[in-house]
Each structure stands twice: as C-alpha cells, then as structure tokens.
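Residue numbers (numbering that gives the first Met the number 0), protein chains in the order written: chain A, 0 to 490; chain B, 0 to 490.
If a hint is listed, it holds; no wrong ones were tucked in.
If chains are identical, the list can't say which one is meant, so a pair holds when it fits in one copy or spans any two.
DSBU-like, lysine-lysine: derived pairs with alpha carbons at most 35 Å apart: (1) 209 <-> 24; (2) 80 <-> 405; (3) 29 <-> 468; (4) 80 <-> 24; (5) 29 <-> 101; (6) 101 <-> 209; (7) 6 <-> 209.
If you're looking for bench data, these hints aren't it; they were derived computationally from the structure.
Number of protein chains: 2
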Amino acid sequence: MTEETSKQNIDLSIQMASEAYQFLKNTTIKERAAFMNAVADQIEALGDELFTIAHSETSLPLARLTGEKARTVGQWRSYAKAVASGIYTEPRIDLAQPEKQKGDLRKYNIGLGPVVVFGASNFPFAFSTAGGDTASAIGAGCPVIVKAHPAHPKTSQIMADAIVNTVKEFGWPEGIFSHITGTSYEIGTYLTQHQNIQAVAFTGSFNGGKALFDTANRRENPIPVFAEMGSINPVFALKNLIENKAEALAKEYVSSLTLGVGQFCTNPGVFIALKGTSLDRFIAAIKNEIKETIPSNMLHKGIYDNFEKHKTIALQQPDIEIMASAEAEDGKGSAVIIKTNTKNFINNPVLSEEVFGPFGIIVTCENQEEFIQIAQKLKGQLTITVAATQDDVYENAALISLLKDKCGRLLFNGMPTGVEVVYAMQHGGPFPSTTDSRFTSVGPDAVKRFVRPISFQNWPDEFLPEELKNENPLQISRMVDGEIHSGSLKL
Amino acid sequence: MTEETSKQNIDLSIQMASEAYQFLKNTTIKERAAFMNAVADQIEALGDELFTIAHSETSLPLARLTGEKARTVGQWRSYAKAVASGIYTEPRIDLAQPEKQKGDLRKYNIGLGPVVVFGASNFPFAFSTAGGDTASAIGAGCPVIVKAHPAHPKTSQIMADAIVNTVKEFGWPEGIFSHITGTSYEIGTYLTQHQNIQAVAFTGSFNGGKALFDTANRRENPIPVFAEMGSINPVFALKNLIENKAEALAKEYVSSLTLGVGQFCTNPGVFIALKGTSLDRFIAAIKNEIKETIPSNMLHKGIYDNFEKHKTIALQQPDIEIMASAEAEDGKGSAVIIKTNTKNFINNPVLSEEVFGPFGIIVTCENQEEFIQIAQKLKGQLTITVAATQDDVYENAALISLLKDKCGRLLFNGMPTGVEVVYAMQHGGPFPSTTDSRFTSVGPDAVKRFVRPISFQNWPDEFLPEELKNENPLQISRMVDGEIHSGSLKL
Numbered sequence: 000m001t002e003e004t005s006k007q008n009i010d011l012s013i014q015m016a017s018e019a020y021q022f023l024k025n026t027t028i029k030e031r032a033a034f035m036n037a038v039a040d041q042i043e044a045l046g047d048e049l050f051t052i053a054h055s056e057t058s059l060p061l062a063r064l065t066g067e068k069a070r071t072v073g074q075w076r077s078y079a080k081a082v083a084s085g086i087y088t089e090p091r092i093d094l095a096q097p098e099k100q101k102g103d104l105r106k107y108n109i110g111l112g113p114v115v116v117f118g119a120s121n122f123p124f125a126f127s128t129a130g131g132d133t134a135s136a137i138g139a140g141c142p143v144i145v146k147a148h149p150a151h152p153k154t155s156q157i158m159a160d161a162i163v164n165t166v167k168e169f170g171w172p173e174g175i176f177s178h179i180t181g182t183s184y185e186i187g188t189y190l191t192q193h194q195n196i197q198a199v200a201f202t203g204s205f206n207g208g209k210a211l212f213d214t215a216n217r218r219e220n221p222i223p224v225f226a227e228m229g230s231i232n233p234v235f236a237l238k239n240l241i242e243n244k245a246e247a248l249a250k251e252y253v254s255s256l257t258l259g260v261g262q263f264c265t266n267p268g269v270f271i272a273l274k275g276t277s278l279d280r281f282i283a284a285i286k287n288e289i290k291e292t293i294p295s296n297m298l299h300k301g302i303y304d305n306f307e308k309h310k311t312i313a314l315q316q317p318d319i320e321i322m323a324s325a326e327a328e329d330g331k332g333s334a335v336i337i338k339t340n341t342k343n344f345i346n347n348p349v350l351s352e353e354v355f356g357p358f359g360i361i362v363t364c365e366n367q368e369e370f371i372q373i374a375q376k377l378k379g380q381l382t383i384t385v386a387a388t389q390d391d392v393y394e395n396a397a398l399i400s401l402l403k404d405k406c407g408r409l410l411f412n413g414m415p416t417g418v419e420v421v422y423a424m425q426h427g428g429p430f431p432s433t434t435d436s437r438f439t440s441v442g443p444d445a446v447k448r449f450v451r452p453i454s455f456q457n458w459p460d461e462f463l464p465e466e467l468k469n470e471n472p473l474q475i476s477r478m479v480d481g482e483i484h485s486g487s488l489k490l
Numbered sequence: 000m001t002e003e004t005s006k007q008n009i010d011l012s013i014q015m016a017s018e019a020y021q022f023l024k025n026t027t028i029k030e031r032a033a034f035m036n037a038v039a040d041q042i043e044a045l046g047d048e049l050f051t052i053a054h055s056e057t058s059l060p061l062a063r064l065t066g067e068k069a070r071t072v073g074q075w076r077s078y079a080k081a082v083a084s085g086i087y088t089e090p091r092i093d094l095a096q097p098e099k100q101k102g103d104l105r106k107y108n109i110g111l112g113p114v115v116v117f118g119a120s121n122f123p124f125a126f127s128t129a130g131g132d133t134a135s136a137i138g139a140g141c142p143v144i145v146k147a148h149p150a151h152p153k154t155s156q157i158m159a160d161a162i163v164n165t166v167k168e169f170g171w172p173e174g175i176f177s178h179i180t181g182t183s184y185e186i187g188t189y190l191t192q193h194q195n196i197q198a199v200a201f202t203g204s205f206n207g208g209k210a211l212f213d214t215a216n217r218r219e220n221p222i223p224v225f226a227e228m229g230s231i232n233p234v235f236a237l238k239n240l241i242e243n244k245a246e247a248l249a250k251e252y253v254s255s256l257t258l259g260v261g262q263f264c265t266n267p268g269v270f271i272a273l274k275g276t277s278l279d280r281f282i283a284a285i286k287n288e289i290k291e292t293i294p295s296n297m298l299h300k301g302i303y304d305n306f307e308k309h310k311t312i313a314l315q316q317p318d319i320e321i322m323a324s325a326e327a328e329d330g331k332g333s334a335v336i337i338k339t340n341t342k343n344f345i346n347n348p349v350l351s352e353e354v355f356g357p358f359g360i361i362v363t364c365e366n367q368e369e370f371i372q373i374a375q376k377l378k379g380q381l382t383i384t385v386a387a388t389q390d391d392v393y394e395n396a397a398l399i400s401l402l403k404d405k406c407g408r409l410l411f412n413g414m415p416t417g418v419e420v421v422y423a424m425q426h427g428g429p430f431p432s433t434t435d436s437r438f439t440s441v442g443p444d445a446v447k448r449f450v451r452p453i454s455f456q457n458w459p460d461e462f463l464p465e466e467l468k469n470e471n472p473l474q475i476s477r478m479v480d481g482e483i484h485s486g487s488l489k490l
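Here chain A stands alone, though its shape is the one from the complex:
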C-alpha cells in the first residue's frame, strides 16, 4: 500500500520548489549540466537491489530493466550535454544602435517555474520518477515535484533518493526535487491547480492526461500541460510491399504488437491493407506467428484490468472477427488480433480507441480510396508506419502527404516500438496522442516544453546572466544581430 503524502507536506514541497526556483533559474546551463551528469552517476551506481525491487513491482524481465536503466542514465547525460551547449537557451543579442535610437536587447530562455511530473508505469526508470520529464525540466531550470506512480512505489523511492542525494552533494536547495506518493486522483488535481505550479508533464492514459489538461486550463492563470496519451499507431500496408513480403511483415507485426506484452505507447494497434490474396497470406502468417509468442505478466493489476476491459468491449462490437490469439496460461494479457472492414472501422469510434496491451485490428480495404478515407478520419497519432516499396510511395503520394498531418513520426517500413533518445526523435503528435503537437517528450528537445524567453533591455553587462554577457564566458553559440556568433563581444 502506497503511503499518501499529507496535504501539509505537499504544500511544503510546493513552497520549497518555489523558493528553489529562485536559485535554479539563476544557475548557468553548465551548472545544471554538471548536476544532471551527477544524477546519472548516482543512478548508474545503483546496485542489484534496484532490479530486484523493480522486477517485483513491474514483472518486467531483468534484461529489459538493465537496458532501461542504461537508457535512463544515457538520457540524463545526453540531455545534460544538450543543455550545456546552450541550444535550449537560445541566446539572442541585438546590440544598441544609438544613431537609430535603438537600445540593447538580449534574450534567452529561462525555466517556467516548478513543474509537476506524473510518471508512467510502463517505463519505471526511463519515463518515471527520474525519467525524461524530470531530466528535461531540471535541464530547463525548473524544480520538479514528482507524483510517484503507485504501481512501483519502491522503485520510485530509490530513483527519488538518487536525485535527492545529488541535490545534497551539490548543496542546492532541497526544493529542487520532491517526491509525492499516493493513489488518489485528487493529489494530481490539487498539484495541477496550485498557483505556484507552472507546468505539468504526464505520460499515461487519455482520460488521465485530458483531465489534467482541462484542470490546468480552468485555472485563473492557465499553465501548459504536456500529456503524452498514447495512440493506435496505424500501419498502412501498401500493395506491392505486402505482395512481396506478407510473411515477413506478419512476423514483424506480431513481434512488435506483443513485445513487452504490448505495453508501449507506440504499439502498432491497427494494420490496414487491401483485401486479397496477399492479405490472406499475411493473416495466415500471423496465426502462426502468434502461436510462438508466450504472453507474460502485465505491469500491474490496473493495466491488466484495463486491457481486459477494453479488449472485451472491442470484441463485443458488431462486424468484427477474431483472426488470431495467444492465450496466456493464467489468462492474463492474452494477445488478440481481430479483423474488420473500412466502413465499420470508420463508423465505430470504439475501434479507434487505444487498447493498451497486445491487441490489434486488421482493417481490410476494398480499394486505394479507402486508405484515404481512413487517413482522413484518423485522429492524431504518435506514429504511423507506411509499409511500402518505393513504387508504392510514388503511387500513394496523396495518402502519404495526408498521413504527415496525423502523426509525430512517420516510418517507412519497420515497426514503431523502438523510441531512440536522440535529437531527431519526435515522441509527440497531434491531439489526442498529446495535448500539444509542438513538443516532444523524448530526446533532448523535450527540454523546450519547460522554457520561456525573457528579454533584457539596456541592462549593464554586470547584471546580465552569464549566457548573455559580452564576454560570453560560457563560450556558447549566440545569435548576434541576426548572425550566429561564437566568440565574445568587444564593445
């Protein structure tokens, strides 16, 4: 049973975060990068106890947890490097032109203020307490209050301790990081409504994310909420590709659908293809492939219950047919793939809702025109895959142009379940996959969610932040009078 942080302690954490912000916003990018690298060291040094506890709380296998820990450490380090480079500080200097009566203007980005992070259950390290949201908020210069995911409270505490230890090691204000625990829905609302909170990051369900978004927008002073709420990640299998590779595609699809018991935001839940012999071969192959998969335990009872509930609702819809399934021994997390036609898929909104887990829908199209109809009706997605040959791309230019409007990441073949932590990654997308398609929650660009520009007009050099001083003590690249400039300014 997760202990509930008392309201007094929540208020205290928020108060301390506000005070810590006055400190943190005045640190330089180099100081914050050093802090982030130290957090990475702390996490890297965590021993086997972390894996034992995380495994007992999440059922995730050791190999996955080992990889996820390395990824989490790598996230802190790569975000630190990006922050130190000044890329998210965006220093811009327009020098005075006294002859034109123009003053000196210097702009850079500062952190928004205290940020509340709601971690995900499916990545207990990389997207939870010490995950990408926390790393990017601190990199931006924002104190963080984490609302721990109740599915892995002990894992969350170990990760929280790693950050708290770093705060102590640096002698920084305690309020830089707080860890709030509890299971009640009200805690999230309370945190999001609090006047001192300036932004929210969330990864989870549509209902959870949308509720926080609405709460934040109803405040007297609305604040940004970046909620990553998942999606159904359609795969459009075009004519030549499926004809050439029906069996290989089936193998790849089933493997991606059932990977990690389907518990990924980018799980490819919908497969769209033309009716015909190629699709028949694909379906025959998935029936075989799915037999090879052994369903394992899902992360926690809440996810399992939701999976069964939404799967059952989907299976009760008219005009669907079960194509393939893999029964788990204890019945938990059994994989199912159903089939329906375009008309039914378009007209029945239930079939466009994410079923978080190993559940897929094959949508059969009568002709190319139906691909377009489906694309037009699609809601915003994190990813869309075009399984295609080069000829297919030429023959479906209008479809592919349209698909760009519906996703954050467009794949040419390959399945979307690998989310690399690099600059070029977009883990975001049009609503409802996220609440703001202009941002990503994976890759260093995630920092952008938590910064805002401030301009200084005519300030003496001594009072400017290091990032904007003439001397350029941090030796960063700056935009000076409209041109990129890396040196110091001799005025």
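With chain A held as given, fit chain B onto it using these hints.
Chain B only, in chain A's frame:
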C-alpha cells in the same frame, strides 16, 4: 458598415485553406521566403491611397502610418530571411547505426495547418491583416484566414489584396490566404471551433483573447491559441534613481504614457515608488509635463468607449487621488494619472486591470518591503521597467529576481513603448499578458508558434523533404548526430 462574410463563404475559405495547406507544407523554406519578400514588395509599392484611407479609419497621424508601413515591409523581409535560414525548421538528422540496430531518423518542423489571425486595431498595418501574425504563419507553412478588424475594413482590404496578388503572381493555391469581414462575435467563435483550423493568433483585449483560448480548449481536439492580451507594464522607480532624476523620469513617463494616445500594449500604466520628497518632485513634474501633451483622437469609438468606461471605474475606486490630467478639447481620450498606496493597490484588483489609453496609477510605498509585496501580487506582464542606478540594482536583488518571473521583457530604465522587430525581442509574457509565455508575437521567433516537429524514420532520400536530404540542397545548417553541420552528407 462592414459587410459580413457569409457562413458559406467562411466554410469555403476554410476548405480552400485546408487544400492549400497540402501544397504549402511541401514548399521549401526558400520558396516561402521568396513569397514573403514578394508580399513585402507589394506592400511597399502601395501608394498614398493607403495612408489616406488608413488615416480616415484610424485617426493615426501620417508620420506614424508611414513608419508603420515601413515596419510592416521590414517585418515580412526579416521574417523571410529568418525562415530561409532554416532556423525554425530545426533540421535534425541521426544517421542509422546498423551495428546497433538503430534506424535513420530525420526531423524537421512543418506548419501546423490553417491558422486564423485576429488583427489588432492599434497597428492597422504591423499587427493586422498583413501584420506579424500573418507573416509568421505563412513563414511557418500555414495558410492564413484573417478575420479583419472592423475598425479599419478598407485598410484591411488593401493589405489583403497585396497578399492575394502575390498568391496569384506565384500561381499558388488561392486558399493560402483568405480575408473574412464582419463585426459579430460569433464569427470568431465559429472560426476557432472549426475542425480544420489548427491554430489561432490574436492581439487585443483580455476578454477577447481569453474567450478564444477557452473555445479552442473546449474543442474535441484542442488547438493552440496565442493571444496577446496586453498588460499594465509596471515601472518600479528605485530610490537612488528617482532621487537623481525625478524630473527627467517624469518627462519620460508622461511621454510614454500619452504616446499615440496611450494605445500601445506596452503602455506603462503603473508607476511604483517610495513615498518622500523625490516622489513629490516626480509628481510635481508630471503635473507640468502632462500640460504639454495634447490629447488627440483615439483609434475608434469602441476603444474610446472602453477607455472612458474603465477610466471611470478606476476613478470611482476608494482611496485614490487624481494627480494630473490633460483634458482633450472634445473630451475624447483625456489623459489622467491617479495615485494610491500599496495596500489599496494590492487589495483592489480593479487597479491592476489594464485601462487601454493614457491612464496611469502612481503607487506609493512606505518601504522597500512593499516593492516585494507588489511584485509578488503582480500578474504576468509584457514588460516591467526597473528605473534604477547600478547601486539600486545591488540593493534590490531579490525584487529584480522576482520581477523576472512576471514579465517577458525587463527594462533597465527607458520606457517600454518601443517594440523592436528583432530576434532578441520578447513580446509575450506570463498569463494574462498572453496565453502562453513560451512564445512571442514580435520578431522572427514569432514563427515558432505555428510549427511542429515531424520525424521520418528510414525513408529513402528521394522521398525526404529538401531540408532533410543527404545532399542538403538548401545549404542550411543542420544538427547531424548531435553536432551542427552545414555541408552535404556523403553516405
């Protein structure tokens, strides 16, 4: 009387904008920059008729209109230059690493889709139909639907024609730009609610901007609204500065407060200083200074009525005292400066509301602590001025740190009414000065409001946008494997 665009024609404009988006999003940054420069040429070529009509519709003097036209042309050209540089495209390439089973990922920013622009009445050229919002949205790759401000319909039409002519000249789809006219509130709601609209830009009153923000967030698929809703732009006059320069400061303050009949978003509506002989000198000086100002006509009846209404409400508040005023001959737009104390200012929210026009409040503080109390209570502002000597800055570090949290632009002396169109300008700020402090509506960075990232995974080079092709045909700076890279990629 402004003609109301029919609902059928609005729907047609939106439909055409959606179609034009399929074209515009696939143009390169160089093509859009060329278009923007051509719009600048069209506007530059407009003759005296523009000034005659604009003057008759806005009462703005010819000198001001001449300057504003040049500014508008300059805006299109400087935004075009910025767009062409690729700075808002942010190309990021992470090359495949087959040995690590990592695919090729390439990300860049595309336009969000059709944008609705609500122009302001106080800048009929620079912030209206062919103003900064329209220029930045088109630069981003978004078709624009302008809802013309009903205060200057003919001016708006001339500017719309300049853009329409450019669309024709380029042979681009007509839906790139549409001009909707009308006075009803419902048109704005209708446009903002429409499923095909992807973003909204607004400059005007709090009530207008907040209503659009709420409408956009209540949509089934919420969209971003950047509303610049003005502010009271406080001036904190610190001890030594006002002691040294009471009279000069008074001259500067009155001049800024009454410039353009006070019709600027950055008009310094509140002046905060310690009680005492220096402030007495300041007040004596403003009484003289204000006599030198000759109130002229305001922009339109709506603004005048609002000014008189809010001024009257402010003057009816308890514990205020009129310090100085300048009566207009016809009574329109008379300037008034009142005085109150900290306690009254903090406790009476009416006194923190913007009175759009030449109206100022002097707030007297008993001690330094009251500056902090006022700063803590302040809502978000576009600008805050610290009128200070260097000693004052050292003695008020906590105050100045706090003021950074309350504004988008912090001035060291000088008045905030000049808004330069440069990279380092921030015309934005925490709520309620705008709906999203992370963006600006002035300077090329205004483009950022209307773009979102999209990643391409494993796409053959021939299908990638020019901005991301190996050859780098646009010769722009790109982030490749985490490092800035300007050349082509030899793979």
